[in-house]
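Undergrad: Taken in sequence, the protein lines are chains A and B. Just so we're aligned, residue 289 is where the first sequence starts under our numbering, counting upward by one. Just so we're aligned, residue 25 is where the second sequence starts under our numbering, counting upward by one.
Calculated directly from the structure, the hints in this document are not laboratory data. Where hints are given, some of them may not hold.
To be verified - In silico DSSO-like pairs for lysine-lysine, Cα to Cα no more than 27 Å straight-line:
(1) A/K412 to A/K636
(2) B/K371 to B/K189
(3) B/K94 to B/K54
(4) B/K138 to B/K150
(5) A/K412 to B/K99
(6) A/K605 to B/K150
(7) A/K418 to B/K99
(8) B/K33 to A/K418
(9) B/K89 to A/K412
(10) A/K412 to B/K66
(11) B/K66 to B/K371
(12) A/K664 to A/K646
(13) A/K636 to A/K475
(14) B/K89 to B/K54
(15) A/K664 to A/K653
(16) A/K646 to A/K636
(17) B/K138 to B/K371
(18) B/K138 to A/K418
(19) B/K89 to B/K371
(20) A/K475 to A/K412
(21) B/K94 to A/K412
(22) B/K150 to A/K602
(23) A/K653 to A/K602
(24) A/K475 to A/K664
(25) A/K475 to A/K635
(26) A/K442 to A/K574
(27) A/K442 to B/K150
(28) B/K189 to A/K412
(29) A/K605 to A/K635
(30) A/K475 to A/K442
(31) A/K418 to B/K150
(32) A/K525 to A/K582
Stated by the list, open to error - Label pairs and their in silico Cβ distance ranges:
(33) B/K150 to A/P557: 43 to 51 Å
(34) B/Q137 to A/I314: 53 to 61 Å
(35) B/P147 to A/K442: 14 to 22 Å
(36) A/P487 to B/K138: 22 to 30 Å
(37) B/M25 to A/G409: 29 to 37 Å
(38) B/L148 to A/R643: 51 to 59 Å
(39) A/I314 to B/T267: 44 to 52 Å
(40) A/K635 to B/L148: 19 to 27 Å
Here the structure is a predicted model, which is why all the values come from computation and not from measurement. Quick reminder that beta carbons are idealized off the backbone N, C-alpha and C, glycines included.
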Amino acid sequence: MADIGLLTETASQYYAGEQTQVYDAIAVNNVITWTGDTLLIATVSSTSITNYAIYINNVLQIENTDYSLTATNEVTVTAALVNNDVIKLRILVPALWNNYGSYEYTPLTEVINNFMMTYTGTGKLIPSVKRTDVIFHAKRGMQELSFDTLKSIKSQELTIPDSLSLIIPQDYVNYVRMSWVDELGVKHIIYPTTLTSNPYTVPIQDALGVPTQDSLGDNLEGTSLTNERWATANDYKISGAYTNQMYNAGVYNWTWEKVVYGARYGLNPSTSQINGWFTIDEREGKFSFSSNLKGLLIILEYVSDGLSIDLDMKIPKMAEEAIYMHIMYSLLAGRLGVPEHIVQRYKKDRRAAIRNAKIRLSNIKLDQFVQIMRNKSKWIKH
Amino acid sequence: MVNVDTVYKTVLYLLNKQQRGYITPDEFNKTSTQVQLEMFEKYFEDLNQQLRVPQNESEYGDRLKTVDEKISIFKTSGTPSASAANVFTPPTDLHRLGSVIYDNTTEVERVSQKEFLYVNNSPLTKPSTSFPIYTYTQNAADPFTDVTVYPSSITSDISFSYIRKPIDPRWGYYTGTVGQYVYDSSPYLTATGALVVGTDTLTAQLTTDASGAAVDGSYTGTPTNPATLGFATDGSGTGASITVIISGGVVTQINVNSGGSGYAVEDTITLDRAVTGIGGLTDPVVTLVASNFYPNSTYGSTNFDLDNTDQTELILNILAYSGVVIRDPQIVQTATQMVMQEEANQKS
Numbered sequence: 289m290a291d292i293g294l295l296t297e298t299a300s301q302y303y304a305g306e307q308t309q310v311y312d313a314i315a316v317n318n319v320i321t322w323t324g325d326t327l328l329i330a331t332v333s334s335t336s337i338t339n340y341a342i343y344i345n346n347v348l349q350i351e352n353t354d355y356s357l358t359a360t361n362e363v364t365v366t367a368a369l370v371n372n373d374v375i376k377l378r379i380l381v382p383a384l385w386n387n388y389g390s391y392e393y394t395p396l397t398e399v400i401n402n403f404m405m406t407y408t409g410t411g412k413l414i415p416s417v418k419r420t421d422v423i424f425h426a427k428r429g430m431q432e433l434s435f436d437t438l439k440s441i442k443s444q445e446l447t448i449p450d451s452l453s454l455i456i457p458q459d460y461v462n463y464v465r466m467s468w469v470d471e472l473g474v475k476h477i478i479y480p481t482t483l484t485s486n487p488y489t490v491p492i493q494d495a496l497g498v499p500t501q502d503s504l505g506d507n508l509e510g511t512s513l514t515n516e517r518w519a520t521a522n523d524y525k526i527s528g529a530y531t532n533q534m535y536n537a538g539v540y541n542w543t544w545e546k547v548v549y550g551a552r553y554g555l556n557p558s559t560s561q562i563n564g565w566f567t568i569d570e571r572e573g574k575f576s577f578s579s580n581l582k583g584l585l586i587i588l589e590y591v592s593d594g595l596s597i598d599l600d601m602k603i604p605k606m607a608e609e610a611i612y613m614h615i616m617y618s619l620l621a622g623r624l625g626v627p628e629h630i631v632q633r634y635k636k637d638r639r640a641a642i643r644n645a646k647i648r649l650s651n652i653k654l655d656q657f658v659q660i661m662r663n664k665s666k667w668i669k670h
Numbered sequence: 025m026v027n028v029d030t031v032y033k034t035v036l037y038l039l040n041k042q043q044r045g046y047i048t049p050d051e052f053n054k055t056s057t058q059v060q061l062e063m064f065e066k067y068f069e070d071l072n073q074q075l076r077v078p079q080n081e082s083e084y085g086d087r088l089k090t091v092d093e094k095i096s097i098f099k100t101s102g103t104p105s106a107s108a109a110n111v112f113t114p115p116t117d118l119h120r121l122g123s124v125i126y127d128n129t130t131e132v133e134r135v136s137q138k139e140f141l142y143v144n145n146s147p148l149t150k151p152s153t154s155f156p157i158y159t160y161t162q163n164a165a166d167p168f169t170d171v172t173v174y175p176s177s178i179t180s181d182i183s184f185s186y187i188r189k190p191i192d193p194r195w196g197y198y199t200g201t202v203g204q205y206v207y208d209s210s211p212y213l214t215a216t217g218a219l220v221v222g223t224d225t226l227t228a229q230l231t232t233d234a235s236g237a238a239v240d241g242s243y244t245g246t247p248t249n250p251a252t253l254g255f256a257t258d259g260s261g262t263g264a265s266i267t268v269i270i271s272g273g274v275v276t277q278i279n280v281n282s283g284g285s286g287y288a289v290e291d292t293i294t295l296d297r298a299v300t301g302i303g304g305l306t307d308p309v310v311t312l313v314a315s316n317f318y319p320n321s322t323y324g325s326t327n328f329d330l331d332n333t334d335q336t337e338l339i340l341n342i343l344a345y346s347g348v349v350i351r352d353p354q355i356v357q358t359a360t361q362m363v364m365q366e367e368a369n370q371k372s
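Throw the hints in and build the complete structure from the sequences for me.
TA: Written out as structure tokens, the structure reads:
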């Protein structure tokens, strides 16, 4: 039987996250070696980051009392065992979730090793290369592809506090979409605005308008009045929304013989919406929201660069060729003595591979396409 | 491996063909060491040369594979000793460092000290346990060139693959009955304090015989301290196997069957009459002298470490040096021409 298949986990290891072993008192097999894909993590310095648990005859055991991780993916059970006891190792959530669907991806470490093995060496276009260079280009490729090809969008569900600002996520590179969520769970897009801005520095000025300094010669900093005004702004004054004040003022009163009723001259469509706005305060590293969003539930969708945590460092198999081509092109382009036509060939290959990856990852399915076109009242035969 | 006796005898045959001259075993051993090192070093240059030439996939005509086979004899691996937390000292028989391996799975990449500074300071290339790096520099604390692995959290599970030094060839001999050199095929033992293996090698060192009515026979044992089955030594040697032959009531021959280790000059080896059943009036005693040990004797042979396929070139090279030794320019010229011809054939 061939043994070149890529799946290495058993169905039990994948679906249930479990591996069992029957204790043999003669062989004293109290060490269970986990052969699944998830790397076992033990509690370190009393901080519980364990991603697995041990059960004996379905009874949960206590880590570092009844069992401990003694080597990479090797757990030694120290609890008393009798012949035919069933030792079960179970991967815990969220490590189990992380493993689901993992076949969709290739880890970046594997990409680097594959590249070193296949694309470099004697008799190849790149006879020798420092692995450090490959790592650099692989990670840069990961960053570049993360922004617009991989669609690996992260999201956070947050509530806007009274301060109307939220701290930018730790691994944030750029936002994709900001929406508030109504009671039906439906998203309403919050738009960024250019109506206001967040000043990066707010020097305190003297009577002549000259910035003042402290005893160390640095400019004294104040609080931004622009921000204060934006935070307390009445939204309807910008959006032009109909308010009770308008009603009370009789703006659209019937007695005006409906002359202006429904007519909203000079209205700016881009600001005439009730979803609110946000700005990014680079100085404080925060998102600032318009006052009408106070207390609302929002979903922040953003992109990272795929390098922030180990778990992120994987590339969809649909884009694997794109990263190989990116590394190849980047190495050749920066190399002395490589004929220009070779560089250009790989430039084209890289572009084609990235385009291919984009199309694949766009997930355009014919059925969905047809369904959406039906929405448009089009007659589609298929 | 190339048999040292075959090479020596062939060289002698070629030299003596027209009564040109003769090289002694000592001259041969020194010349052989020099030639072996020359040819060994040339392997790496040959490898580099072949790597730059397109090869073929044939079974026996691939020159790159041929050179690699010659080098493979010297390829080995070992676990270094850690001289500090993340600093490792290579094995003593290292000639060229190949790969440094972490946890049996990950190659540790070599960088220069300057590169290390940049690699370590860049978040993208910073060494990790998935992609560790090392510098290879002289360590002031010890006389060796040490491997310093980064990240410094790696303090164990490091192994090396490397090219070991070739072992010096040696044509061992003892003097025959008419004064001729007789080839000693027993291997030259490198263990410290190993006794010279051979027939009669300890007979001359008998300082006390089993006088009186000793029982004739062959007595074999291992001298240890304390004694084992009547064979004792006052030193710390172990593992040697000795056979004492008694004939006519006196010790006539003492042979060493295996050399053991840890024995020293002036150590005594004593046979307990009562335990061994030798009989007689005194215990036979052997007092070891310098010539009972390999570095001071002519005994023990070591074959050439080079690949069998290099026997011809080896002989020709030694012949060329021998021509220098016996001052015969014709030999030098002929041998050198033949070596060059073979080289040209191998590389053109």
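Undergrad: Indicate whether the distance between the beta carbons of A/K635 and B/L148 respects the range 19 to 27 Å.
TA: holds (22 Å)
Undergrad: Could you grab the alpha-carbon distance between A/K418 and B/K150 and see if it respects the 27 Å cut-off?
TA: Given pair A/K418, B/K150 holds - Cα atoms ~14 Å apart, limit 27 Å.
Undergrad: Holds or violated: are the alpha carbons of A/K475 and A/K412 at most 27 Å from each other?
TA: Given that 27 Å is the threshold and the Cα spacing comes to 52 Å, the pair is violated.
Undergrad: Does B/K99 lie within 27 Å of A/K418 when you go C-alpha to C-alpha?
TA: holds (23 Å)
Undergrad: Mind checking the alpha carbons of A/K664 and A/K653 for me, to see if they're no more than 27 Å apart?
TA: Cα-Cα ~17 Å, so holds.
Undergrad: Checking one constraint from the list: CA of B/K89 to CA of B/K371, max 27 Å. Satisfied?
TA: holds (13 Å)
Undergrad: Please check whether B/M25 and A/G409 have a Cβ separation lying inside 29 to 37 Å.
TA: holds (31 Å)
Undergrad: Can you confirm whether the C-alpha distance between A/K442 and A/K574 stays at or below 27 Å?
TA: Holds, at roughly 17 Å.
Undergrad: Given the hint that B/K138 pairs with A/K418, does the C-alpha gap stay at or below 27 Å?
TA: holds (14 Å)
Undergrad: Would the pair B/K66 and B/K371 pass a check requiring their Cα atoms to be no farther apart than 27 Å?
TA: Holds: B/K66 and B/K371 sit about 13 Å apart, inside 27 Å.
Undergrad: Assess, step by step, whether the Cα of A/K605 is no farther than 27 Å from the Cα of A/K635, and give holds or violated.
TA: holds (21 Å)
Undergrad: Is the hinted pair B/K150 and A/K602 satisfied, with a Cα-Cα distance of at most 27 Å?
TA: Judged against 27 Å, a Cα distance of about 18 Å means the pair holds.
Consistency with the previously given hints fails for numbers 8, 13, 14, 17, 20, 25, 28, 36 and 38, ordered from lowest to highest.
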